[in-house]
Each structure stands twice: as C-alpha cells, then as structure tokens.
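Trainee: Residue numbers (our numbering), protein chains in the order written: chain A, 97 to 270; chain B, 709 to 1058.
Just so you know, these hints were derived from the structure itself, not from any lab. Just so it is clear, the structure is predicted and the values come from calculations on it, not from any experiment. Do not rely on the hints blindly, as some may be mistaken.
Beyond 10 angstroms from chain A on every Cβ pair, some chain B residues (computed) [what the hints assert, rightly or not]:
1) Glu730
2) Ala735
3) Met750
4) Ala761
5) Thr796
6) Glu1035
7) Phe1041
Pairwise CB distance ranges, derived in the manner of DEER restraints [to be verified]:
8) B:Arg765 with A:Pro146: 51 to 57 angstroms
9) A:Arg143 with B:Glu740: 51 to 57 angstroms
10) B:Glu730 with A:Lys220: 42 to 48 angstroms
11) B:Arg996 with A:Thr126: 31 to 37 angstroms
Cβ coordinates follow ideal geometry from the N, Cα and C atoms, glycine included.
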Amino acid sequence: MWQTGLVDFDQVYERFRLPVWRLARRLTKTEEEALDTTQEIFLRVWRGLPGFRGEAKLSTWVFQIAWNHLRAYRRKMGRTLQIIGEDMSAAQETIDSAVDTGPDPERRARSTELLDRVHEALGKLPEHYRVVVWLRDGEDLSYQEIADALDVPIGTVRSRLARAREALRELVES
Amino acid sequence: MDEAWGEILSRHLDGDLDSDEELKLAARLEAEPSLAAELEGMRRIRRSVAALAASERVPPELDSLVDPLSRGKPDPAALRPWTRWLATAAAVILAAAVIIEVNHSNPGPNLESMAKLRRRSLPAEPTERFTLAPLPTSSLAPEEQHLGVSDRLLANPAPEVELDNPLPLEVLGPLEKGGVPASEGQEDTSISLDQVKAKSSAVAADKDAKKGENTRPAAAAAMGEVDRAPRREDEGDARDSGRGAALQSWEAAPPMGQAQLFVFIDGKSAWREFTPSATCKPGRYPVRIVVASGAVREARPVGGAASASPSQRLCAAGLILDLEIEEVADGEFPAEVVVEPRGSGASPDR
C-alpha cells in the first residue's frame, strides 16, 4: 500500500472513486471525457495527498479538487451547458438501473419517465446550479461541506440550491 | 411562488429549518395547497436525483487508469511539470557534452589543412587510367595519402564558370547527332574565342528562327560572323541552315574541354579524366551510374545545382555513357561529372 501524508491513496480512491466519477459524469458530455477527467482528478489528489494535513474534511478536499478541475476543463472545452443526447447509451443504463423494479408495470413506466426527465433537466441546468443540487441530493453533502468544496458562502449554497430545485421542477413538469 | 418561499421549501427538504420556520411553513402549506404541491414535486425530484446517483456505476477502465498511482508508480504523464523539464534539460546537456567530447577527441579535416595538402602537390597526376584514392580518414599518414575527391570539392570549391554565351545543347550536341568518338579531336582542344562566338551567334540565330522571329542580323553582323549565321528568308530554311552551320562549326573544331568522372565507392573516391565527346555547360553534376563489364552503362542525374537546367544535367550524364572504368566492379554507385570549361584543361587537382 502506498502511503502518503496522513492518508493513503488507496483508501481515498476506494472511498471517492464513485462520487468523483458521478460528478464528472454529470459535468461532462461523454463517458470518455468523464473517465479522463476522473483520472486527472485522482492524479491531482495523489499529488496533493502529501500536503493534506486534515484541516478540511477529506470529502470537502476531494470534491474541491474535483470541482476545480471539472470547471477548468469545461471552460477549456468552451461549453457552459451539457448537451444531452450525445451519449445517451450510458445515461440510459443509469436510468434503467434506477427505475422502480416493482411488479406494477404502470408505476415502472412512470418511474422511468421521471428519471429520464430528471436526467435531461439536470443536463440543462447551469453548472453552478447542477453541481449544488448534485452534491446535495446525489452525494448527500451538507450545506457546509458544499460551501467549502465550492468555496462559496453557505448562504449562496442555500439560495442556489433552492433555485436549482425550482428550475429542475419546472423543467421536469414542463 | 416567491423566491423566499422556494428557499424555505428547499431547506425544509434538507431539515435546515429551525422550529419556528417549520411552524410557519406548516401553516402556509395548509392554507396554500399549490405550495404543498410544489413541495411534493421538489421532493419527488430530489428522490429521483438520489436514485440516479445510486444507480451510477464506475466503469472498470477507471481502475486500470488510476492503478499506477495506487502502486506508487505514476506514469510519465503523472510527473510534475518541473521534473519533466529537468529530465529534458539533462538529456540535452548530456547529448551536447557527448558531441563536444567526440569532436574534441577526433577533429575532422578542415579547409585549412586540406589546402596545405593541396599546396604540397602530392601525387594526383591526371591520367587516363582510373585511379582509386583513399579519403583523408585513411590510416595512411596525411603526406602519403592521395587526395580524394571530397577533399578537392571541399578545398577547391567549384568554379562558377559561366560562358558569356553558352553553347546550347540542341545545336551542338552530338547526343542529337548520334555521338562522336572521344578520340576525334582529342588533341585539338585549342579552339579560338572567335570560333566560339561564331557558333554562339549561329545558335542564337537558329533560336530566333525557331521562335518565328525574322532575324537578328544586326547582332550577327556586329559579331562579324554573318557568313556563319546566315540570314534566314524563310523559317524552315533558317532552322536547317542555322543548325547546319552550327554542326559544321562543331565538326570543324570540336568544342571540347576536359571532364572528370568521380565515383564514390565504400568511403573511397575514384576518378578518371576524359575528353568529352560533346559540349555541356561547365559545372558539377551529381549522377548515379550503373557499371557493368568495365564501363558506365547507365547514368542519370540526381539533383544538382539549382542553376543547372534539366537539359544540362542530362547532357552531363550523357557524357559518361559507355565510358570505360575497368577497375570498378559491377554495380550502382553515386558519382559526379565535372565538366571543365573548354581550353582550361583543368584537372581536379589544380
């Protein structure tokens, strides 16, 4: 096991590979881009671990690295909105595995439709709304953790989250 | 819904409201069913986002991409930028040091040393016999070495010889006429300047005639060679008589200079002098030759000076066809034809 600083990289990777991947998947266009960015994020984590002294929560620190890299990547790629529909196969797999698998076919269909809509609506949200709603509802981070990770005041997190949810609801119900 | 109530609904979902705020919200929800419907919509979406997150799977490729980091062996791309720059700089410095050391311990011949050798007039007598000569890198002592062609080319740059009025191949060249034996006129290399001018004017007149121009009698008359550059009354006659005059002139006094064929074989150079059977523009012409049964069977120009036209290069290559070089084994070799100006009688050693 490779030890660096207070935490070893294997543990960090094991704990955050899925959350970081999910965030990358939400903020990039294709699965390939998500893979590249996730790899780059963990490379940065690996480089930064020797200097990590535990002043911040590990999750906050990792998400901060992830967000900074993803934001820079998106800026570099010149996109502000994710274009939905270009890589639908992977997205569809996600939705398929998330739908209600109960015996009621009508309920299953409704669940699939809702997930489709939510997935699509998420892609249409501006990225600073999308990341807040994802970190809160997808990753279950607290307001404070989100504020630390995004380096914004906690009040901003509250207001952005409220607007993001409202926008998402309108998009889904429209 | 106003923004403030939107934020309260959102915070309610996350359990971020204090008890007072919760009470206020409960009363409002009771009084306003549409607000309650909005809250329900938000809750549904929140669950959907969570479901999406829970259903996401990491692709197996990710582990293999990140695996080198886990093993503490980052791939080269994982190196810090300054370490990459450091490695590159070290490689460049090492390469430069090697080059300097090699050059210092084994200096090659320079122009000065070769010029000294040349001044000593070491044996390089021009003969008709084909001679193999070692290059300066030979194990022989410098004073025992024959000068190779590379030395001569380096120490004695090619003279930029330009005839005032070069003799065009199309008129004088025996390549059109069918070739002239090398022995013919070999002794007579002393053609006068007047004769050259005469041929030149005839050629010029011939060219004019070809272009359909009437004549350039004034120029020809000024040269005093009107008889050799006949006035042309009609175009066909002009061409025939112009060419005829030129060929007549060439046969009377073949405009030959000296020429050398250099052959480069396995790090050695060899040459022979010969009297060309046709006149080409002086200069150096790289060629590739095919030797078979002691003679040049094929010769084709390769590159050459930008100033040399294709016809000049072909002319030079044509000079050495069937030239005897018995000491050279059969095969294909790089070579060079050096055509000296007529009357110079120059050998490569001079």
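Trainee: Hint by hint, note whether the structure agrees.
Mentor: Hints versus structure:
no. : hint                                       : verdict
1   : Glu730                                     : 16 angstroms, holds
2   : Ala735                                     : 20 angstroms, holds
3   : Met750                                     : 5 angstroms, violated
4   : Ala761                                     : 3 angstroms, violated
5   : Thr796                                     : 20 angstroms, holds
6   : Glu1035                                    : 66 angstroms, holds
7   : Phe1041                                    : 55 angstroms, holds
8   : B:Arg765 with A:Pro146: 51 to 57 angstroms : 31 angstroms, violated
9   : A:Arg143 with B:Glu740: 51 to 57 angstroms : 53 angstroms, holds
10  : B:Glu730 with A:Lys220: 42 to 48 angstroms : 32 angstroms, violated
11  : B:Arg996 with A:Thr126: 31 to 37 angstroms : 55 angstroms, violated
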